[in-house]
Amino acid sequence: AQTVTQSQPEMSVQEAETVTLSCTYDTSESDYYLFWYKQPPSRQMILVIRQEAYKQQNATENRFSVNFQKAAKSFSLKISDSQLGDAAMYFCAYRSRTSGTYKYIFGTGTRLKVLA
Amino acid sequence: GAGVSQTPSNKVTEKGKYVKLRCDPISGHTALYWYRQSLGQGPEFLIYFQGTGAADDSGLPNDRFFAVRPEGSVSTLKIQRTERGDSAVYLCASSARLAGTGELFFGEGSRLTVL
Chain A
2 AQTVTQSQPE MSVQEAETVT LSCTYDTSES DYYLFWYKQP PSRQMILVIR
52 QEAYKQQNAT ENRFSVNFQK AAKSFSLKIS DSQLGDAAMY FCAYRSRTSG
102 TYKYIFGTGT RLKVLA
Chain B
35 GAGVSQTPSN KVTEKGKYVK LRCDPISGHT ALYWYRQSLG QGPEFLIYFQ
85 GTGAADDSGL PNDRFFAVRP EGSVSTLKIQ RTERGDSAVY LCASSARLAG
135 TGELFFGEGS RLTVL
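Line by line, the protein sequences are chains A and B.
Residues are numbered in this note's numbering as their position in the first sequence, beginning at 1, plus a constant of 1.
Residues are numbered in this note's numbering as their position in the second sequence, beginning at 1, plus a constant of 34.
If you are wondering where the hints come from, they were derived from the structure by calculation, not from laboratory data.
Glycine included, each C-beta is placed from N, C-alpha and C at the ideal position.
It is possible that some hints are incorrect.
[Claimed, not checked] With a cut-off of at most 25 Å between alpha-carbon atoms, the simulated BS3-like pairs for lysine-lysine come out as follows:
no. : chain 1 : residue 1 : chain 2 : residue 2
1   : B       : Lys54     : A       : Lys104
2   : A       : Lys79     : A       : Lys56
3   : A       : Lys104    : B       : Lys112
[Unchecked claim] A short, non-exhaustive set of chain B residues, derived as facing chain A with CB atoms under 7 Å:
no. : residue
4   : Gly50
5   : Gly87
6   : Asp91
7   : Phe100
8   : Glu137
9   : Phe140
Okay, chain B solo, but in the shape it has when bound:
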């Protein structure tokens, strides 16, 4: 597709379960970002990739959160032992290159609800 695609769009899980959220960036975009957006808040940075490597993961809240991008395209955000506080919309964005002129293209997000 032409835009950033995120799946699932909605995920309901129970506390303690493991979840995976997928992001398909725009084809050819080398930079990929994950953000978390809680209700009524702005996006909170989690991690970004340049190619396959995580260039900055300083926003990951703890070691239950992990993200990969093994082939430099699709990325997966993984959350282990989910907690109710993890409930949020997880946004993925891509840009043509990391040090470019700056426009981020966002997906529609994955809404995670932890019961």
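Bound-form chain A, shown alone:
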């Protein structure tokens, strides 16, 4: 079974600085999606960034980028120029593309604090 591990329960970053959140996963599959979702205190989760495993190029969305290391099964999120609005829980998630099940498996999350 697939698992997703986030080993950093909490991280802090100074406003305007850069922070990297870690995620590792375990799977025997070769084709899948990886995601980072953000959950602000209001509770509604929103997608930050998505990576397709067959694409070697790392995904980028404005200030958010990933470092996808398929062989190492690592998927870290880099937030550049951190803003106060980035403070939230961040969840890494996995979803198979080929196994016939489309459930998303989430990690336990990392709480990001942004210091003014």
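Here the structure of chain A is known, so what remains is to put chain B in place on it, guided by the hints.
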């Protein structure tokens, strides 16, 4: 509305009671998911639907939990004989189609407290 809507936003009940949680997905989204999120944890998969049918219900913890989606739109998660351990935030999410590019759109959740 434009987003996923969940009602009630908060529900307090007594142990042993029956509760229903409702989810209105984004119009036209065929895939609908239920997750449970306990304090300080990540979302835990319960069930997902493609259209009216439950495509994967392997995450339902026991037979006290049941979910339906009779017309392929609104879904109801039902919990019988509630226990204190059922207290959590229940999240609903929808996506345009099951095997699509993967973005889930979440509601704000229903916080269930069992006394």
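Results for each hint:
1. Distance check on the hinted pair: Lys54(B) and Lys104(A) sit about 23 Å apart at the alpha-carbon level, within 25 Å; holds.
2. Distance check on the hinted pair: Lys79(A) and Lys56(A) sit about 18 Å apart at the alpha-carbon level, within 25 Å; holds.
3. Between Lys104(A) and Lys112(B) the CA atoms are separated by roughly 20 Å; this keeps the pair inside 25 Å, and the hint holds.
4. The criterion of a C-beta within 7 Å of any C-beta in chain A is not met by Gly50(B), whose closest approach is roughly 27 Å, and the hint is violated.
5. Because the smallest distance between the Cβ of Gly87(B) and any Cβ of chain A comes to about 13 Å, over 7 Å, the interface hint for this residue is violated.
6. For Asp91(B), the shortest C-beta to C-beta distance to chain A is roughly 10 Å, which exceeds 7 Å, and the interface hint is violated.
7. Nearest Cβ of chain A to the Cβ of Phe100(B): about 18 Å, over the 7 Å cut. The hint is violated.
8. Contact between Glu137(B) and chain A, as hinted, is supported at the beta carbon level, the nearest pair being about 5 Å apart and thus within 7 Å.
9. Satisfaction of the interface hint for Phe140(B) is found here, the shortest Cβ-Cβ separation to chain A being roughly 4 Å, below the 7 Å cut-off.
Violated hints, in rising order: 4, 5, 6, 7; the structure is consistent with all others.
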